[in-house]
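Engineer: So you can see what is in the structure, the chains are spelled out below.
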Amino acid sequence: MSTVTSSRYMAEYEAIAPTLPGQNLPWLQQLRKDALAKFSANGFPSPREEEWRYTNVSAIEKKLFAPVLGGDPHPNLQTLDANWLKSQQLEDTWSVVLVNGHFSADFSKLDGLPEGVSIMSMADALVETQDFASLLENHLGRTVTNAEHSLVAFNTAWFTDGVFVHVPAKQVLAKPIQLLHVVTEADALASTRNLIMVDENAEASLIETFVGTDNAYLTDTVTEVFVGQNSHLTLTKMQVESEKAYHFGGTYVKQAQSARFTHHNFAFGGLLARCDIHTDLDRASECEMNGLYLGVKRQHIDNHTRINHLKPHAISREMYKGVLDDRARGVFQGRVIVAEDAQKTDSQMNNRNLLLSDDAEADTKPQLEIYADDVKCGHGVTVGQLDEKSIFYLQSRCVDEETARNMLTFAFANEMVDKIKIKSLHDKVLEQVLARFPQEGVEKDWL
Amino acid sequence: MLKIENLHVSVGDKPILKGINLQVKAGEIHAIMGPNGSGKSTLSHILSGKNGYEITQGKVTYQGTDLTEMPPEIRAREGVFLAFQYPVEIPGVSNIYLLKAALNAIRKHHGQSEVDAMDFLALVKHKVKLLEMDEKFLYRAVNEGFSGGEKKRNEILQMAILEPKLCILDETDSGLDIDALKVVAEGVNSLRSKDRAFVMITHYQRLLDYIKPDYVHVLANGQIVKSGGPELALELEEKGYSWLESQVAA
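Chains as they are written, first to last, in my numbering: chain A, 45 to 491; chain B, -15 to 234.
Here chain A stands alone, though its shape is the one from the complex (with noise of 0.2 Å):
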């Protein structure tokens, strides 16, 4: 059935393998062919699946997406709009930048990185020779495995670079790095692999920005995360894709003992975007989930978290916001899982979607499966519109219904954008925001 629906890619791939990273390594070219090999037998995924009942990938195998092929000097560069690019990488930050899926070292700036930090294109870190192969050998494919949906064994198979960032311990990291990933090529594919190491004691914050010229394209993105002992890694994800692009990103995270995990999600762009975070939580770790999802126009927006406590004291925060408009649909699947070894788990998990329009809709599904019996767990989920006599309120205060709702919708994503502690993101984000609902006459620190 569902092989048929695979089959142009797969009838691609045989050109395309030998211009992937990695070829002098077994233990990739192994990973690549179990991928290749799952993706072959089960194909794009299914509403069948449960994990995709909301969202129907079909566009995607309708279309043929195509990767871009890599080269030195960067083949796709002189197409591009340099100030436009410039003006998405945020200030003060180590810049990577992809262009197409591919690494541009004319555009990134890494200069000044702290002794033993490392930060690199993945097609680089997988050059043999290289010191990181065995690091990359014991971790890459090891946070997520073909046992989840096809499209990241279609990542797997299919990657044509990414970024490693390796930070070592102790090493507390004076500003964030930013990853940014740009599509300049219509109908292309960008398929990126990134693997995020922060060994125990550190602490580091990524900043992953998606952003693409008005086409249709893909992006299709796997981030591997592990964060050591004692350590604090906050991932912000900022997607803003073209309105015609599809976009497929997981970021899926191993967390270890007493390590703390932050994560923002502000998903505001795309035809059609789906995001996995999944994270496993060790003894006394502690995750955040913040998200945010605006959606207008006929957007689907798809948002999936999994949150594994599978060692006791491990503490869960999630909140996630979504404000749809027009015939948008948002989508948020939540699922806590509690190991039946972890005793003591706190964990809060919530969900709340802003109804604009009657053709706008909300699914939202919380799943809690709780194996332990002392545990404290508590999930949230709302589904409504604006609240009346707020909007009373601001009437008998002069301010016109219209307006009213603004201020009152833009409010209630601001808490979200309110969580960004990095003043320059904050600002990026708060644009995007502001842009979709204006607030006249306000000061910007008075949000």
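Honestly, the hints are just simulated from the structure, not real lab data.
Any given hint could turn out to be false.
Stated by the list, open to error - Partial list, derived from the structure: chain A residues whose beta carbon lies under 10 Å from chain B: (1) 443; (2) 447; (3) 462.
Treat the numbers as computed from the prediction; the structure is a model and nothing was measured.
C-beta: ideal position from N, C-alpha, C; glycine also.
Dock chain B against chain A, hints included.
Structural biologist: Relative to chain A, chain B alone:
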């Protein structure tokens, strides 16, 4: 300034107000007292334009025009201010943002240009001081996490900045301790002027010790059953409402 004539109001099929007549002139302070369920809050909601009420008879004119035809924000811009019994918490909208939006809406309504940023801050800070409030309040979300007293004080702050002509105070004394009540009352008294009128809706006489009304009306079962001067409030304090309610029933 305000003229209420034979006003009948229903919620669903249930009549709440049954023929209210009231005239308020500039410079006057009217207290409307009454037991729970007498229709006091309905009256304040009708004046401010809240949804969910049906006017079945009568009319309300404000400065010569039909008030009931105006949407709530137009009433507010024309100078009608309701100080809420339960001020609404608006997470994510700061006090200062709302104050500026409100003030500019009024100015625009009257064909004036937007307020200058510096002038606005100076004005707001001056009023904050007057009400013995902390400036930090300005940058907090409207009423969010405020104590009962802080919320009421915030209502008076808005009033002081927006300078309305007709102020309706709905149970402003409820939930206030004596110190907060004094501050709020001082705030109100400082706003008294010959161009401004107040309608105070209250269950208890306590507020009237601090804000002296010119007229007192007793609302019972949807009607004004007695009107008089400030001395009426004292009589109510002593005798309660039941002697008046029984008069209506009879």
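Engineer: Can you give the numbers of the hints that this structure goes against, from lowest to highest?
Structural biologist: As far as the earlier hints go, not one is violated by this structure.
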